[in-house]
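> Sequence:
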Amino acid sequence: GWSREHGDLRIAHFMGLHGLQAIPIAYWLLASRRRPPVSAVATAAGSYFALMALLEWQALRGQSIAEPDTITAGALILWLTGSALALLLSGRVRPSERLHPSAYPVQL
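In terms of my numbering, the sequence shown opens at residue 274 and continues consecutively.
Only true hints are included.
Here are the computed distance ranges between Cβ atoms for each label pair:
(1) L353 <-> R283: 21 to 27 Å
(2) W330 <-> H291: 14 to 20 Å
(3) S305 <-> L282: 34 to 40 Å
(4) S276 <-> L358: 30 to 36 Å
(5) P341 <-> L290: 21 to 27 Å
(6) W301 <-> G347: 32 to 38 Å
(7) P341 <-> G319: 18 to 24 Å
(8) A315 <-> F287: 18 to 24 Å
(9) G289 <-> A346: 20 to 26 Å
(10) S305 <-> G335: 40 to 46 Å
(11) R334 <-> L290: 19 to 25 Å
(12) L362 <-> P297: 21 to 27 Å
(13) L361 <-> E278: 33 to 39 Å
(14) H279 <-> G355: 25 to 31 Å
By construction, these hints were calculated from the structure, which means they are not laboratory data. Cβ atoms here follow ideal geometry from the backbone N, Cα and C, with glycine treated the same way.
All chains should be modelled from the sequences, with the hints used to inform the complete structure.
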């Protein structure tokens, strides 16, 4: 029942509530791969917050989620590019910063 004709704050609210599930799942997935997950999960959480803020900004401007204007589309592309770059950079860890596998909470 989201509005396709004008901005709808329920979309940002929906994304915010599901962030409470998405961030712990991201941590669990990263920890199960034996990578130091703290920086990657913090980056994912920041990216998720930025997406939620972008959706709220779009709704407050009266823009439909189905028909974003050029400014909103540009902001979405900027968010996507910045998030991908930040996640790639957060995965780079110096050998001295690696933790012993027994330090991870999830052992698979």
